[in-house]
Amino acid sequence: MQVNEYKPLIVAFCCNWCSYAGADLAGNNRLNYPADVKIIRVPCSCRVNPAFVLRAYQRGADGVLICGCHPGDCHYTTGNYYTRRRMALLFSMLSYLGIEKERTRVEWISAAEGAKFAATMNEFVKTVTDLGKNRRLEDLRCKK
Amino acid sequence: MYKIKISDLPALFDKLSEKYDVFLPVDFDNGAKYKKYEKGDVLSEKLNTVKSPKDFFFPQTEDMMRFKTEGKKIDVIDIREPKDDFIVFGVTECDVKSFEVLDNVFLSEPADTYYAEKRAHGVLISRACSKPSETCFCKTYGIDPSEPSGDISTWKADGTLYLRPNTDKGEAVISVISGILTEADDDEVNKEKEKINKILDRLPLKNLTTEGFGAGKTAELFDRPEWAGLSQSCLGCGTCTFVCPTCQCYDIRDFKTNDGVIRYRCWDSCMYSEFTKMSAGQPRLTQKERFRQRFMHKLVYYPENNGGLYSCVGCGRCLQSCPISMNIVKVMKALGGKNE
Amino acid sequence: MQKISRFDIINRLKDLLADGNVDRVLGWKKGEFRYDVTPHVFTSAQELEADFVWGDFCGANFSKYLIKETAKSDKKVAVLLKPCDTYSFNQLLTEHRFDREKVYAVGVACDGMADIFKIKKITGDGISDIKENGEDLDVYTIYDEKPVKIKKTDVLSERCLSCKSKKHAAYDELLGGDGDVLDSNRFDEVAKIEAMTEEERYAFWQGELSRCIRCNACRDVCPACTCEKCVFDNPNSGMENKSPANEFEEKLFHIIRAFHVAGRCTDCGECSRVCPQRIPLHLLNRKFIKDINAFYGEYQAGEVVGSRAPLVDFDKEDVEPKNAVGKEDK
Numbered sequence: 005m006q007v008n009e010y011k012p013l014i015v016a017f018c019c020n021w022c023s024y025a026g027a028d029l030a031g032n033n034r035l036n037y038p039a040d041v042k043i044i045r046v047p048c049s050c051r052v053n054p055a056f057v058l059r060a061y062q063r064g065a066d067g068v069l070i071c072g073c074h075p076g077d078c079h080y081t082t083g084n085y086y087t088r089r090r091m092a093l094l095f096s097m098l099s100y101l102g103i104e105k106e107r108t109r110v111e112w113i114s115a116a117e118g119a120k121f122a123a124t125m126n127e128f129v130k131t132v133t134d135l136g137k138n139r140r141l142e143d144l145r146c147k148k
Numbered sequence: 011m012y013k014i015k016i017s018d019l020p021a022l023f024d025k026l027s028e029k030y031d032v033f034l035p036v037d038f039d040n041g042a043k044y045k046k047y048e049k050g051d052v053l054s055e056k057l058n059t060v061k062s063p064k065d066f067f068f069p070q071t072e073d074m075m076r077f078k079t080e081g082k083k084i085d086v087i088d089i090r091e092p093k094d095d096f097i098v099f100g101v102t103e104c105d106v107k108s109f110e111v112l113d114n115v116f117l118s119e120p121a122d123t124y125y126a127e128k129r130a131h132g133v134l135i136s137r138a139c140s141k142p143s144e145t146c147f148c149k150t151y152g153i154d155p156s157e158p159s160g161d162i163s164t165w166k167a168d169g170t171l172y173l174r175p176n177t178d179k180g181e182a183v184i185s186v187i188s189g190i191l192t193e194a195d196d197d198e199v200n201k202e203k204e205k206i207n208k209i210l211d212r213l214p215l216k217n218l219t220t221e222g223f224g225a226g227k228t229a230e231l232f233d234r235p236e237w238a239g240l241s242q243s244c245l246g247c248g249t250c251t252f253v254c255p256t257c258q259c260y261d262i263r264d265f266k267t268n269d270g271v272i273r274y275r276c277w278d279s280c281m282y283s284e285f286t287k288m289s290a291g292q293p294r295l296t297q298k299e300r301f302r303q304r305f306m307h308k309l310v311y312y313p314e315n316n317g318g319l320y321s322c323v324g325c326g327r328c329l330q331s332c333p334i335s336m337n338i339v340k341v342m343k344a345l346g347g348k349n350e
Numbered sequence: 020m021q022k023i024s025r026f027d028i029i030n031r032l033k034d035l036l037a038d039g040n041v042d043r044v045l046g047w048k049k050g051e052f053r054y055d056v057t058p059h060v061f062t063s064a065q066e067l068e069a070d071f072v073w074g075d076f077c078g079a080n081f082s083k084y085l086i087k088e089t090a091k092s093d094k095k096v097a098v099l100l101k102p103c104d105t106y107s108f109n110q111l112l113t114e115h116r117f118d119r120e121k122v123y124a125v126g127v128a129c130d131g132m133a134d135i136f137k138i139k140k141i142t143g144d145g146i147s148d149i150k151e152n153g154e155d156l157d158v159y160t161i162y163d164e165k166p167v168k169i170k171k172t173d174v175l176s177e178r179c180l181s182c183k184s185k186k187h188a189a190y191d192e193l194l195g196g197d198g199d200v201l202d203s204n205r206f207d208e209v210a211k212i213e214a215m216t217e218e219e220r221y222a223f224w225q226g227e228l229s230r231c232i233r234c235n236a237c238r239d240v241c242p243a244c245t246c247e248k249c250v251f252d253n254p255n256s257g258m259e260n261k262s263p264a265n266e267f268e269e270k271l272f273h274i275i276r277a278f279h280v281a282g283r284c285t286d287c288g289e290c291s292r293v294c295p296q297r298i299p300l301h302l303l304n305r306k307f308i309k310d311i312n313a314f315y316g317e318y319q320a321g322e323v324v325g326s327r328a329p330l331v332d333f334d335k336e337d338v339e340p341k342n343a344v345g346k347e348d349k
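Sequences listed follow chains A, B and C, in order.
Its first residue numbered 5, the first sequence is counted upward by one per residue in this note's numbering.
Its first residue numbered 11, the second sequence is counted upward by one per residue in this note's numbering.
Its first residue numbered 20, the third sequence is counted upward by one per residue in this note's numbering.
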């Protein structure tokens, strides 16, 4: 039997208007990014409640990415400004509790940035692969 | 009766932990908690642990079974594993008596096999309370802290620990450590008991009585106007119920895993707004009813169903932990007979 | 020793009741011992004289009770507020949680509250009485005729050791005068944790949070936690869970609890005071306050009624999360 190489599970919350479209564009342009990234479409990046991030980790994610429109370009005018504040505080708290800060990230990717989407995902998957499995925020019950 | 120097206790714990899992109270920042013995752990000097030892037999969270689904097929998986014998060391008499209260609930037919299994494998080594606290009122319920029961009773006196096995389980444990114990007579222990009894006479709550409570008092107490005042600042948190050695309510819930379900039970609290919630809602609409439920259960309903035994042992944990310092003593004084 | 005496407070409260300005008073009621003081609604002068206490163990913050109390009747209720309580009072007003017209706020000067657990650490159990003796506390136990003398400053509550303000942020009248906003050292402990390595921080919080028994006392006492239905109690929220089933659940609860009050927490310290397991929960809330100050400018919740909380506000030039997080790291 072949030994399985560690492949991280990445959850990317993508805003419907920019980043999700960016992912589409990456696909249309046949740009490669790892299949380890699972995309969850949200109406706006500010739809992402801190509990979503924690829940993703609980259910086995090794990295969580929140992608939205560039500040100033939000479809709802100001949604991503709130995301920025919330996530800055949440990530800071996670780091305070000793959870690797590289596992969680906010990225602004517009609908025209298919290449940036692919590059970001490639780079993030590599970062998380280097970090290894998420042990500090996992819920062992889920794997039973 | 056997004895061992307190300074030799580490050797005793080392010896015991070769054969058993040994749990003993150890200090943390501002309290004590039970911990599995590891070399170097020191027995706490504190009177009691913040959380009661009911956790050993009725854990706060306990997985009961698992379900796996495949198509339309559901597999029920029994996840119970055979339990080894374990020792809970340093249990005060109030806590020992609390197991009687729990036994009545969990071991009466149909017996709770999860609880029964743990009870069968647990060995209780009790200890006399050489320094009872102002919050103690076990005497109210006829509990004698100078004469602890359990499988083995122990007394501390003059740098020596005295041990007396009471049951076959206790004898079996003594036989493991008999090499480091020496025989002793009862003199020192009797002196220690006397000392403890003198302290008991000085306790501020020594005159608290259960008069006015007990079986058959429901009609008399249920609609008393005092409940409103007593419960008015209750926060509705679960502290009293979770530190209580005799509170036994639990909830059974399902946790969805990635490919199945774990059915587990966890402590529940009558103080919570979600307690016993049914399709028609929660039967106790305000905190007053929830508050009343807790004390009526301890002082009236439980004795009614269990031959007059109260489901409070006077350990005093709720007196120390309640955020607003409302507790069973204040309730008994406000509603009871000669408690003024 | 508190600046203002029990006697003076009672006299003033009796006047308020007699004038008919208010028909009840939210105050502290004496318990079995010196330290087990209960929040209580007093309705008569006799009741006040018999049971009202004021002293070193009156830690409870009454602000949150005003929601329930003002909904009960159209008459005014008088409430006693220590300086730190007034911030919670303002914050609740900012969030329109009770009717200011129905409250008569009496600010009482506070010299800090004592922590019974710290006292017991020194004297042990068996406390029969505690008497105030100048700057000292004489603690009598059932084991000794003679009291143990303790300096009050040695047994001050954690939160009082880093008191942020002796100045009342709101009141209708003051008893015992007003103080100043203090230059507190309240972020020192947070900075100490930040200065640890990631592994040390993880181990520290793992140890602290593992003691949680999920009694919800921290949430239920919190003057900022006033949701009609908490996510942790709501079966439809997907977050409801009654037990600290494992390490993840412990962290989830405490992160979300602290996050939900971020920007609204006034740092009154009630969460840590009531925790039966003595978990330093205020260090989670303070981390958010410290971060908010560092990222978005100084902000004190409850200082002014109507101020906009930082999490429902933004600036176009706000710092990016990746540039903000963990700058203190080694």
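Keep in mind that a hint or two might mislead.
[Claimed, not checked] Cut-off 25 Å, straight-line C-alpha distance, at most; resulting in silico cross-link-like pairs (BS3-like, lysine-lysine):
1. B:K141 / C:K91
2. C:K150 / B:K43
3. A:K42 / A:K130
4. C:K49 / B:K340
5. A:K148 / B:K49
6. B:K343 / C:K335
7. B:K205 / B:K141
8. B:K15 / A:K148
9. B:K298 / C:K341
10. C:K150 / B:K46
11. A:K137 / C:K140
12. B:K43 / A:K148
13. C:K91 / C:K165
14. B:K205 / A:K137
15. B:K141 / C:K150
16. C:K140 / B:K166
17. B:K208 / C:K140
18. A:K42 / B:K13
19. C:K121 / C:K91
20. B:K141 / A:K147
21. C:K140 / B:K298
22. C:K165 / B:K208
23. B:K298 / C:K335
24. A:K148 / B:K78
25. B:K216 / C:K140
26. C:K165 / A:K105
27. B:K216 / B:K15
28. A:K120 / C:K335
29. A:K120 / A:K147
30. C:K165 / B:K141
31. B:K45 / B:K93
32. C:K150 / B:K216
33. B:K216 / C:K165
34. B:K266 / C:K248
35. C:K91 / B:K205
36. B:K43 / C:K165
[What the hints assert, rightly or not] Some residues of chain C that are not near chain B, with every Cβ distance over 12 Å (derived):
37. I23
38. T62
39. S229
Since the hints were derived computationally from the structure, they do not count as laboratory data.
Ideal Cβ placement from N, Cα and C applies to all residues, glycine included.
For each hint, the structure was consulted:
Distance hint between B:K141 and C:K91 is unfulfilled; the C-alpha atoms sit about 46 Å from each other, more than 25 Å. This hinted pair does not check out: C:K150 and B:K43 have alpha carbons roughly 30 Å apart, beyond 25 Å. About 15 Å separates the Cα atoms of A:K42 and A:K130, which keeps this hinted pair within 25 Å; it holds. At most 25 Å may separate the alpha-carbon atoms for a hinted pair to count; C:K49 and B:K340 meet this at roughly 11 Å.
Taking the CA atoms of A:K148 and B:K49, the gap is near 32 Å; set against the 25 Å cutoff, the hint is violated. For the given pair, B:K343 sits about 61 Å from C:K335 by alpha-carbon distance, which is inconsistent with the 25 Å threshold. Proximity of B:K205 to B:K141 is assessed by CA-CA distance (about 10 Å); at most 25 Å being required, the pair is judged to hold. A C-alpha spacing of about 47 Å is found between B:K15 and A:K148, which places the hinted pair above 25 Å, so the restraint is violated.
Distance hint between B:K298 and C:K341 is unfulfilled; the C-alpha atoms sit about 49 Å from each other, more than 25 Å. At most 25 Å may separate the alpha-carbon atoms for a hinted pair to count; C:K150 and B:K46 exceed this at roughly 40 Å. With a C-alpha separation of about 42 Å, the suggested pairing of A:K137 with C:K140 is violated against the 25 Å cut-off. Restraint check: the Cα-Cα separation between B:K43 and A:K148 comes to about 29 Å, which exceeds 25 Å; the hinted pair is violated.
Simply put, C:K91 and C:K165 have alpha-carbon atoms about 48 Å apart, too far for the 25 Å limit, and the pair is violated. Only pairs whose Cα atoms come within 25 Å are accepted, and B:K205 paired with A:K137 is rejected, the gap being roughly 58 Å. Only pairs whose Cα atoms come within 25 Å are accepted, and B:K141 paired with C:K150 is accepted, the gap being roughly 22 Å. Taken as a hint, the C:K140 and B:K166 pair is honoured in the structure, with Cα atoms around 21 Å apart against an allowance of 25 Å.
At most 25 Å may separate the alpha-carbon atoms for a hinted pair to count; B:K208 and C:K140 meet this at roughly 24 Å. The straight-line distance between the Cα atoms of A:K42 and B:K13 is roughly 65 Å, outside the 25 Å bound, and the hint therefore fails. About 10 Å separates the Cα atoms of C:K121 and C:K91, which keeps this hinted pair within 25 Å; it holds. The straight-line distance between the Cα atoms of B:K141 and A:K147 is roughly 47 Å, outside the 25 Å bound, and the hint therefore fails.
Between the alpha carbons of C:K140 and B:K298 the distance comes to roughly 35 Å, so the proposed pair goes past 25 Å and is violated. Between the alpha carbons of C:K165 and B:K208 the distance comes to roughly 18 Å, so the proposed pair stays at or under 25 Å and holds. As the CA atoms of B:K298 and C:K335 are separated by approximately 49 Å, the hinted pair breaks the 25 Å bound. Taking the CA atoms of A:K148 and B:K78, the gap is near 10 Å; set against the 25 Å cutoff, the hint holds.
Between B:K216 and C:K140, the direct Cα distance comes to roughly 24 Å. Compliance with the 25 Å bound is thereby established for this hinted pair. Only pairs whose Cα atoms come within 25 Å are accepted, and C:K165 paired with A:K105 is rejected, the gap being roughly 55 Å. Simply put, B:K216 and B:K15 have alpha-carbon atoms about 32 Å apart, too far for the 25 Å limit, and the pair is violated. For the suggested pair A:K120 and C:K335, the alpha carbons sit about 23 Å apart, so the restraint of at most 25 Å is met.
With a CA separation close to 34 Å, the supplied pair A:K120 and A:K147 exceeds the 25 Å bound. For the suggested pair C:K165 and B:K141, the alpha carbons sit about 17 Å apart, so the restraint of at most 25 Å is met. Among the hinted pairs, B:K45 with B:K93 is consistent with the structure: their alpha-carbon atoms are about 18 Å apart, no more than 25 Å. For the hint pairing C:K150 with B:K216, the CA-to-CA distance comes to about 22 Å; that is within 25 Å, so the pair holds.
Distance check on the hinted pair: B:K216 and C:K165 sit about 21 Å apart at the alpha-carbon level, within 25 Å; holds. In summary, the hint linking B:K266 to C:K248 is supported, as the alpha carbons are separated by about 23 Å, within the 25 Å threshold. With a C-alpha separation of about 52 Å, the suggested pairing of C:K91 with B:K205 is violated against the 25 Å cut-off. Restraint check for B:K43 and C:K165: not satisfied, since their Cα atoms lie roughly 31 Å apart, outside the 25 Å limit.
Residue placement check: C:I23 keeps its beta carbon more than 12 Å from all beta carbons of chain B (closest about 22 Å). Not every C-beta of chain B lies more than 12 Å from that of C:T62, the closest at about 10 Å, which undercuts listing it as non-interface. Residue-level check failed: C:S229 sits 10 Å from the nearest beta carbon of chain B, not beyond 12 Å.
The earlier numbered hints that this structure contradicts are 1, 2, 5, 6, 8, 9, 10, 11, 12, 13, 14, 18, 20, 21, 23, 26, 27, 29, 35, 36, 38 and 39.
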